[in-house]
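S.K.: One line per chain: the protein sequences are A and B, in this order.
Its first residue numbered 42, the first sequence is counted upward by one per residue in my numbering.
Its first residue numbered 42, the second sequence is counted upward by one per residue in my numbering.
Be a bit skeptical, because a hint or two may be false.
Because identical chains cannot be distinguished in the list, a pair is counted as satisfied if it fits within a single copy or across any two copies.
[Stated by the list, open to error] Calculated cross-link-like contacts (lysine to any residue; reagent style SDA-like; alpha-carbon spacing at most 25 angstroms):
id, residue 1, residue 2
1, K129, F433
2, K310, S341
3, K310, I434
4, K129, I434
5, K356, N240
These are calculated hints, taken from the structure and not from any lab test.
There are 2 protein chains.
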Amino acid sequence: MWFPWQCTSVLAPEDKLCLGPMSPASPGDEDDSDCLLLMSMLPADLLTSSLSSLFVQYYINETEIVDFPRFPHRGLLLDTSRHYLPLKAILETLDVMAYNKLNVFHWHIVDDPSFPYESFTFPELSRQGAFNAMSHVYTASDVQTVIEYARLRGIRVIAEFDTPGHTLSWGPGAPGLLTPCYLGKDPSGTYGPINPIFNTTYQFVTSLFQEISSVFPDYFEREGNLAGSLHPSQLLDIVSSLGKGYMVWQEVFDNGVKVRPDTIIHVWKNNPPYAEEMANVTKAGYRALLSAPWYLNRISYGQDWMAAYQVEPLKFNGSIKQKDLVIGGEACMWGEYVDVTNLTPRLWPRAGAVAERLWSNATVRNLQDAYVRLADFRCELLRRGVQAEPLFIGYCDHEFGGF
Amino acid sequence: MWFPWQCTSVLAPEDKLCLGPMSPASPGDEDDSDCLLLMSMLPADLLTSSLSSLFVQYYINETEIVDFPRFPHRGLLLDTSRHYLPLKAILETLDVMAYNKLNVFHWHIVDDPSFPYESFTFPELSRQGAFNAMSHVYTASDVQTVIEYARLRGIRVIAEFDTPGHTLSWGPGAPGLLTPCYLGKDPSGTYGPINPIFNTTYQFVTSLFQEISSVFPDYFEREGNLAGSLHPSQLLDIVSSLGKGYMVWQEVFDNGVKVRPDTIIHVWKNNPPYAEEMANVTKAGYRALLSAPWYLNRISYGQDWMAAYQVEPLKFNGSIKQKDLVIGGEACMWGEYVDVTNLTPRLWPRAGAVAERLWSNATVRNLQDAYVRLADFRCELLRRGVQAEPLFIGYCDHEFGGF
């Protein structure tokens, strides 16, 4: 049993060993709070997720620590369409994810408001659909940087290109793709989802997904809750033909769309209560991923990390077999009210509460203990230059900005 | 009628004139959004508050603008006790206050959690009571810097030393000052408010307030809702004897403490509804200052600036004479969950909504118009390097961090 943000307690003081950043400490930095990754052993049966985060054994001065995560999928979603997030902010987030043993970066890269992904097959998509075609885009090099930076920290990158809805930003760079809306007999100038009546639509989507599939080694996620557009099952066929697995938002399941048995259903709604949905999804034999109680963008006054921490993902009516189908969860930071100015303080240390819930044993639930760990971890983040907000009244030895 | 955050609309496009920072624009910077302060005229009858913010006339190319504030007291409260805020953060806040025509900095400098004010009469107060006696204090020089920086921007500094409650941080540096608590016959090791039974208490408080009164040219505020301690009226006598005016939190009025007729009552509670309190305070002939609906530290999800904007300070049952006793209001940013990591994005542009309410005519209420102004102002803040958070989906031409 181990907590992602603190020194393990099974060591004697003289054997102080921290689990922290996977990046090496600064040369000559002998601070206790720096961390030393001694050895990483990876049993084959746990190789379904990122390597370095899954199973680690530490040996030091005759002390043995056995530590492993409760769930293999411990993710964080960032939304780069409602506001653009600069590359630097994404890389810093990957750093802090690694400190928290989060191992999946779910990149909600495009959506209605903007299309910042620079496609080499269809360059007009970002030229016309990004907030700014020069400064508010992710070039091929940026994307490779993110993927490699994440990989070195044991983090998978799952890119999401939401379709057939949430595609308004695709329209300007892909004439004819979207369904025009009408006022009486005349086009109203507004558009709906991807238009299913042209063959060119299928060619376009197939070509784009072929590109995405070559750029992002991991599988990707899509929506599909719109009638009268490209049918979700058609899209899933396209994705499937590319040899990728897929995750879908729960509507696809709710609407009875036929999906492959290995599909992961992402549970995000609270109505019906998410525990019911988890029961239904796993009863149908699908793997479930939980986000509903972890929409961290939905801030409220006070210590709202506590509600996130108290979630128990397996608390639903179901068999042991069903519980085994829960692969983990994701904290989500949607971008309606979040950009580079407030991303970091809103995320950290709050997302650390989700990280501990997904890593530690279900019996680790004491709020007061968790507060101490999380407050300590937050001070450590400040020392590393991360603009993490306070949990409550107090101070840190190393404050942000170094005063 | 003028809005603090945007170009005035009475000018023709070629006469573009913005009301913006009082500090000069960068040399050679010809951007439209830079602002030109042409002339400042100050009628004697409006000289009750800061000078440069009160009444300005602009002449340019035959265009005349007459602009004046609705309320003379347009304040912002920062709390430097629950978390320490470095000098730089305070000065930046003063800059942005000036952009918003806010003219009173209410400095809640000490409270229970820490005593960062470095007193020359009682240096042990901060040595023992600050979070860190070296790094988390305001030296005499810091205080002078704040006062002068504010003065140059037309902002008054009102320092608050809450007494007789909210003084736990005073205890370690002033043995015998606080009332010891008992468990049965033995001291429990905890303390209550300032102890009224020793003469030394009065000498201490008088000496400290003499110092504060010499350091801060403006009057100061205190609490006084505790029975069994130093009586509020005794404290008010001490303050009064120093020749300063005073503001008190509403409990002093609610509890029927006798105060001077020129006392300002600071309305901060929502129970009873603040409109009732405003009516009662002004009916009793006291001046009223409103903060109850403007506790900006109490964040909620979404565009919560709108609720702050829709407040009408004079919407209470009372005569015209009573309404005239409302001197304005203050946005408050209490520090339970706020330090230098999240102060700026939580404050701005949200406090701009309060600033417009306190400056503009009561008829300026349209939310959609206000959104456009506030979003525009927020982009201007980013251009000036202020980490102001987004109101909603979108982007700015100059983003924070300059990408």
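S.K.: If a hint holds in the structure, say so; if it doesn't, say that too.
M.R.: Now for the hints, and whether the structure bears them out:
no.	hint	verdict
1	K129 <-> F433	between (28 angstroms within a copy, 22 angstroms between copies)
2	K310 <-> S341	both (18 angstroms within a copy, 20 angstroms between copies)
3	K310 <-> I434	between (33 angstroms within a copy, 22 angstroms between copies)
4	K129 <-> I434	between (30 angstroms within a copy, 20 angstroms between copies)
5	K356 <-> N240	neither (46 angstroms within a copy, 62 angstroms between copies)
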